[in-house]
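S.K.: Listed below, chain by chain, are the residues.
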Amino acid sequence: MAVLSQSTAAGAKTGVPDRLVSALKDAGFATLVMLGLCVPLVTLRTDSEEGGQLILVPRLGLTAALCLAVFFARLGYLTVWGKQARAARQPTSRKEAIKTVATPRYSLMTIGLPLALGFALAYPLLVTLINGGLSEARYWIDLGILVLTYVMLGWGLNIVVGLAGLLDLGYVAFYAIGAYSYAILSTTFHISFWLCLPIAGILAATWGVLLGFPVLRLRGDYLAIVTLAFGEIIRLVLINWVPVTNGGAGIASIPRASFFGLPFNDDDNGFAAFFGLEFSPMHRIVFLFYLILALATLTSLVTTRLRRLPVGRAWEALREDEIACRSLGINTTTTKLTAFATGALFGGLAGSFFAVRQGFVSPESFNFLESAIILAIVVLGGMGSQVGVVIAAVVMIAGPEMLRNLGFLKAIFGENFDPSEYRLLIFGLAMVVMMIWRPRGLVSTREPTVFLKERKSISSDLVKEGHG
Amino acid sequence: MKGETLLRVEHLTMRFGGLVAVNDLSFTAKAGDITALIGPNGAGKTTVFNCITGFYKPSEGRVALAHGGEAAFAVIEEATAKGARSLKVEDGAIHLLERMPDYLVTQHARVARTFQNIRLFSGMTVLENLLVAQHNPLMLASGYSVLGILGLSSYTTRQKEAVELAKDWLERIGLTDRADDPAGDLPYGAQRRLEIARAMCTKPVLLCLDEPAAGLNPRESLELNTLLREIRDRDATSLLLIEHDMTVVMEISDHVVVLDYGVKIADGSPEQVKNDPKVIGAYLGVEDEEVAAVEAEVEGRA
Ligand SMILES: Nc1ncnc2c1ncn2[C@@H]1O[C@H](COP(=O)(O)OP(=O)(O)OP(=O)(O)O)[C@@H](O)[C@H]1O
Ligand SMILES: [Mg+2]
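The listed protein sequences derive, respectively, from chains A and B. Read the first sequence against the numbering used here and you will find it ends at 468, with the numbers running on by one and no gaps. Read the second sequence against the numbering used here and you will find it ends at 302, with the numbers running on by one and no gaps.
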């Protein structure tokens, strides 16, 4: 890496031919690296012959294509579209460029979220129009619901990790508590969804406080380990407490949500009949979409409000410097507990939604990978940033789904190529790229909660990530 | 209340394993005074601060602070025997600081502090730093967040008042123009002043400053003297000050306590302390015969 950056830096200063030469060299070097990587990973493929024997299939063409692609991409980056290339082309505009960074711009928060909300509101209509029918759009609306669920979970965890700076690896536990609360309350006590929703939220928040107590003194790695264990404990309890949770088999036929009392069926007193519509199972799906949209919006609004209240400022101050907080008379114990409880509350609400959507819950849905994905969304989005979480959730949840649609890749990589098999590989690659390109997440600046004259974003160099 | 005893430190001892950082230290600080705590490196000054502000639990000893005049010290034995943290008396109260957790020392006993290594919330703006300091009154006004979420106007008014107080302080430390900049972006001297202003926003009766002049240039150091005197005279906040810069100490303090290896070696007015050979010897770490020469030097500097 050092070699690369040195040569590019030199390229920026010198004249055009020199720059080209150094860019060529650089690109050549990158190609060599690619070749080195390709030889063990791509060039030879093991296949089974008809007799079941393993044979090696050489894929020289593919290797060459990949190396060429890297060569031209690197060359292009250095000469045409990279930062240094642009700076070298317009040496005068450099100062201005720096200035525009420093001047305040409209915050992502003020434009981004309303735009996203507008898009989300119109989304079911859009996909219906594009796919030429409500039923045909089912896949897309389901995907929207999935993404929004993760947006909500990301926002909830963001309170704990992004604002208060407490690393929580067991967030899925609260999701599970919310889901099982609704599942158990509705199947055994026949309580309606709308009543269960707040109960599930409160139960999850209570567990958030209960988890908070033992981990208050812990920091960093220890906090991460204990929260991780908490997530696992909840899952194991769900598996083993058979009389209540029905163990690994899970709880099935959970009652569906009604439209404020109107069930989604083709009865005379159903939703469709009441509004004079023709019955369609899609009504329920669209309703679920708007339900999770409303829940996610609630999460966002409450978090935004809380950030501007003393408690939110105390969370961020806690992330910045806990000792200074205590010297200012802030009770860090209750501050941490409120962060855990608020985060857990939204996790619980999302969990209830999950249960009512699936109609079935089992411990499998709440494993560690789930926690990891939610945490990855928060970290990828930029800790503390709500817009970042939305982008990251779309990328992380919808992205792998999109891989299913990349059938055209078969033309390049051969008939047996199944893009969705490479999900985790691409996932990992994306993470590595992010770590290099934006170590502090997509939206790494912090928006101040109050200002006298103008709102200026704070660069991530100054914002701390918390100690846990 | 001015001239009455505000803080009483009695037989304070702090041990870290085998190391005795503070050894049977007793002194008092008067209301309306700037009391300086000086001593060579490692003398235990910061440790004393940490004991007073609740960050350390002293191994032995008592630290008592009186609100509303020294009459409150009358009930000190009663409070101690009862095992109480605070005991109210007629128009006042006594607080036994060594029994309080750190945040209560600020919240109830109204003792604020700064740190030897500046501890600002560097990723928050200057204004936000001053608002975090007003957490407790604002928290109450926001109905512990419940009313605040609903956006009640009573909270908005209270928050405006908090911003006004912050603005006053920004004016006084000359940082009004930088209110919306992150605290971590300020130059060193400004960060020191901001840390003092932030501590003052908690409206303390006693402000403990750990080496506020460290790293300041002479002009900034003079400004700091003015600020500290102003805090003493205008805000009726007494100061307890750790300082290495002898010019600052001699200039502004009303009373000096000298520590060496955790033991008090002198206690008196700046004049008395300055001329105490024991102090000069310990502070500058020189032999007796050299004291005279050093004395002359100190004389020249002060
Ligand atoms: N938490 C701790 N654990 C162990 N030893 C400590 C601790 N804090 C302080 N000490 C020791 O106590 C002694 C006094 O330290 P202290 O920081 O109070 O000195 P100081 O007078 O503030 O010095 P300086 O002028 O350098 O700030 C030192 O020997 C130090 O190493
Ligand atoms: Mg010290």
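Watch out, some of these pointers could steer you wrong.
Stated by the list, open to error - Cross-link-like lysine to aspartate or glutamate pairs, in silico, DMTMM-like; alpha carbons within 20 Å at most:
1. B:Lys2 with B:Asp185
2. B:Lys57 with B:Glu70
3. A:Lys453 with B:Glu211
4. B:Lys278 with B:Asp260
5. A:Lys453 with B:Asp180
6. B:Lys57 with A:Glu322
Calculated from the structure, these hints are not laboratory results. Note that the structure is a prediction, hence the values are computed from the model and not measured.
S.K.: Evaluate each hint against the coordinates.
M.R.: Hints and how they fare:
| no. | hint | verdict |
| --- | --- | --- |
| 1 | B:Lys2 with B:Asp185 | violated, 39 Å |
| 2 | B:Lys57 with B:Glu70 | violated, 24 Å |
| 3 | A:Lys453 with B:Glu211 | violated, 32 Å |
| 4 | B:Lys278 with B:Asp260 | holds, 10 Å |
| 5 | A:Lys453 with B:Asp180 | holds, 7 Å |
| 6 | B:Lys57 with A:Glu322 | holds, 18 Å |
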